[in-house]
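Asks: Chain by chain, the residues run as shown.
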Amino acid sequence: MILEAKNLTKSFGLRKAVNNLNLEIPNGSVFGFLGPNGSGKSTTIRMMTALISPDVGEVFINGKSIQKNGSKALSNVGALIERADFHNHLSAKTNLKMLARMDGTDFSNIKKVLDRTGLGNRANDKVKTYSQGMKQRLGIAQALMGNPELLILDEPTNGLDPEGMKEIRDLVGELSSEGITVFISSHLLDEVQKICSHVAMISLGELLIAGKMQDLLRNSEMLMTEIHVDQTEKSINLLSNFKWIHRCDEKNGILRVSIAPNKIAELVNILVQNKILVSAIIPKTSLEDLYLSKIGIKSKVNA
Amino acid sequence: MLSLIHNELLVITGRWRSYIGFIGISILMPLILWGFVYGSESLQNDYSRGFEGSFLIVGSIINAFLATYIIMNALWIHIPFLITLAAGDAVAADGSNGIFRLTLIRPVSRLKILLSKLLASYIYSASLVIFCAFWSLGIGSLVLGTGDLIVIDNGILVINESEAWLRMFLSFSLAIIVMCMVSTLCFMFSSMVNNGIGPIIGAMFLIIVGYIIIAIPLDFFTKIEPYVFVSYFNIWLDAFKDPIPWVVILKKLSVLITYSLIFFGISAYVFINKDIKT
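Those protein sequences? They're chains A and B, same order as listed.
What the first sequence shows, in the numbering used here, is residues 2 to 304, in sequence order.
What the second sequence shows, in the numbering used here, is residues -17 to 260, in sequence order.
So that you can see chain B by itself, here it is in the shape it has in the complex (with noise of 0.2 Å):
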């Protein structure tokens, strides 16, 4: 299996698309970082307008664990995007170029291959959120320096600097589960064609249906909530509750492995099937 996982790797490492990802992250995160450096006066002012009465703030609140904070919350929509530029293509591309005609006539099973290729997508789909977090975090803290990280949700919650490894460790931890189930699902959708945009469109598609959902506060979309994967995605952002809801943690992600446990079976049970005619 590790052999079949370094085959897969070759191939997402080759592909330029696959690129995009890191290319954007590496755009964006020192205009973010340098967007704090410069407008942290406004952002300090805003982000403690609602407490200041509480508390006395010395120094400066803007550290690498509140830019990474915040640049997580603007950032977990528009990831899995990234995320299914590779996956879209992991099964697809294979077909289409027909590349099954030399590999699934060999001595190894359909089932092994596609495993191999899906955790292959969930070893790419780590690698982009760690390097984010190395942005985000690494350089941050480079740039921006550590110290107490403060939330505000449903009240105000300090976090010391020790502990603020931790939970970020813990939230980008819980972010790579996010990001395998969005590849699991743009992986079922690349087993079931032979082009690879159809894939990221389908995902994109279900993702951005999701959501709209969680987002409209009409009681019929309230109902069906708890079954819409999307509702689920913001389990991150449990790393920074006090005390941490493990119990609602290990919900979700029950919930976010079993979807993805249903799109491999269905990818599986598709590819299996399927009939190499390209």
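Bound conformation, chain A alone (with noise of 0.2 Å):
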């Protein structure tokens, strides 16, 4: 494990931001940390990068402890955390030479990292004229300065239209490929489940689940299955009578259901015998599906 955070927990005032959160972050995975606003992600990822120290657990990186090592166990971190902010009266390349004087990286390295988020051409332009997906790139920029083991993104993509999303997603892919891990927190799922191998969600404070991306899609508790029938409003309907019947509608004129897996035969089979005809019945699982039903549940227990 790259990364490993053990029972972490963190309050502000009377507020648990976290409690007792615990995570393992594979080498060469690419790690999606999602929640709701006010759920401890950056708080999180806080006390990940010595910004924040825990009241209780600790942070180990490479089998570091960042709270008994201080920042030297960031040697091989690059992060982002939220918003990408600079000295705006100074250039990019400034601040990068800046960032690598406290990194000890060579300066040769900013050309590259430049080059690679597309500001090459702006290097010498004041940040204060970048625009805020600009300033959002030149974060990253930073981040990788230092050629980073592990690369911690906390919502890299805000404030980025569709193509700098694409470009950000494509960014990581990169880096996933040439074996940095990558550990990033998004509120846009179908962004999380398209590049992340890991993912892990928490709210309140609390790791609601964590694991492989496929393992955690396939074993869900709640599937949501597309049903091809030939009567899709009398289907739902019928299914709308059934309590272990989680959510029922149409789309496309597909009928989509969630439910429990060991519910599926049954499910079927109260279409068929009322006559309806099945004739094919697809998983259909996302991360957004995913997501809604374990936030869904937690909040419903809190309330």
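Warning: the hint list may mix true and false statements.
Said to hold, decoys possible - Derived lysine to any residue pairs resembling SDA-like cross-links, with alpha carbons at most 25 Å apart: (1) 233/B <-> 148/B; (2) 259/B <-> 149/A; (3) 113/A <-> 89/B; (4) 94/A <-> 105/A.
Stated by the list, open to error - If you only want the chain A side, here are some residues facing chain B, beta carbon under 8 Å, derived: (5) 50; (6) 51; (7) 52; (8) 53; (9) 75; (10) 88; (11) 90; (12) 99; (13) 102; (14) 104.
Quick caveat, the hints were computed from the structure, so don't treat them as lab data.
Glycine included, each C-beta is placed from N, C-alpha and C at the ideal position.
Join these two chains into a complex; the hints should help.
Replies: As structure tokens, then:
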């Protein structure tokens, strides 16, 4: 594991922002970190990068405790935490030079990372002339400067247009193929599903679920299943009476139901008994479905 | 550490606020020097009234040394404000601008980062005092010329020209130490908050309270005066006493340095344990 968080707990006043959180980030993975606003994502990431000290627990990077070794443990980590903020009155190049001095990295890396993030031709412009998207790319550039083994990106696509988002997604893919572990927090579930090999979900400071993306989608308690039937409306009316069917709707003429995996056979049986022709059953659980089911369950419990 | 100080100097020199002190001095000093040139007769009369019965004055006593001495007497209350303009931002601005999210995640200890900021503030403070010296002594000697320095302080002290340079050097060096202490005070407040104005107000408030305490001759104030750091700000005046009171200077220096260490200690404790939430 390149990063391990053990029993992380952090309170601000009476509010527990993160509660006994355990996470393991495997080497070489692209790890998605999901949760609604105020769920403790940013606090967790800040504890992982030594910006916030946990009340209890430790974060280990390559086996070295951040809390015991201080910022030395971050020597192989690059990070962009939330919005990318720089000294606006200085150029991108000067800003990166300042950070390179802190990293102890060679200035030759600056051109490399600026070119890689598409800012090579604006290197000498003051940051205050940059758009938010360009600042965000500069934020990723500074994170890459020290040739990190682990890249931590907190909402990296914030403020980016769809093209910018795609660029970041492609870049994350490239970095991952180079063996860099990427830990990424985002609200964009579709994006996360496209690029992440692993995922963890957090709500109200507690970890809900973590693991390989495919395993989680496959073993979800609530599978979203598309069922091709000849009478969609009748099917919906019929299935709406069963409490174990959590969601039942129609999209483009195809019936979509959310049920537990062991209930599929029973569902098909009901449809057939009611003279509805079933021609195909396709599992279609998306990360969004998984997220909504998990976060929904947590919200209900706390309500 | 040098590369970190280099970084901080880049930030300080890039902020327009850092130049307010230099601009102010550049406007004020020519005016003062102009005043010395055109108002020297009345000044000479006023100044020499106290000793004209004992001394025969040949030529003018108004020169760059006397001008510098008078300017320093007038400005030593105001220069701290100019110092705080840069020191107030030293830590707080990085917090409010979100820069700590870039710098504190790097493999450099917070103590080193804080120390580099403090040393850069010291360089700024020293530059401002040296800039003052450049105007009053450097440009002043071109405009007013040089000569013996006559100091009236519990008597009359005439310092010959060659010694006056050394005394001025000592005086400005001591003034730099005082301003570094002011810088550390403001720096302490800067490490506690996330905006640059609060530390300036906090530091100036304490300094003004200190000035009031040492100015009002009440028994209680006289008793607490030794513990008020502002009462040591006039250490630069000791450079113009005869003989130079080295023991007193060392004592005052040790008090100023002790206060600086305490202020920096508090800054370090706050900063190292600070959660970066902005």
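Asks: All hints, please: hold or fail.
Replies: Structure-based check of each hint:
1. 233/B <-> 148/B: 21 Å, holds
2. 259/B <-> 149/A: 24 Å, holds
3. 113/A <-> 89/B: Roughly 21 Å separates the two Cα atoms, so the pair holds.
4. 94/A <-> 105/A: 16 Å, holds
5. 50: 4 Å, holds
6. 51: Check passed: Cβ of residue 51/A comes within 7 Å of chain B, closer than 8 Å.
7. 52: Interface hint status for residue 52/A: holds (4 Å vs cutoff 8 Å).
8. 53: 4 Å, holds
9. 75: Because about 5 Å separates residue 75/A from the closest Cβ in chain B, which is inside the 8 Å limit, the hint holds.
10. 88: Holds: closest Cβ of chain B sits about 6 Å from residue 88/A, inside 8 Å.
11. 90: 5 Å, holds
12. 99: Since the shortest Cβ distance to chain B is 4 Å, the answer is holds.
13. 102: 4 Å, holds
14. 104: Constraint on residue 104/A satisfied, holds at 6 Å.
Checked against the numbered hints given earlier, this structure breaks none of them.
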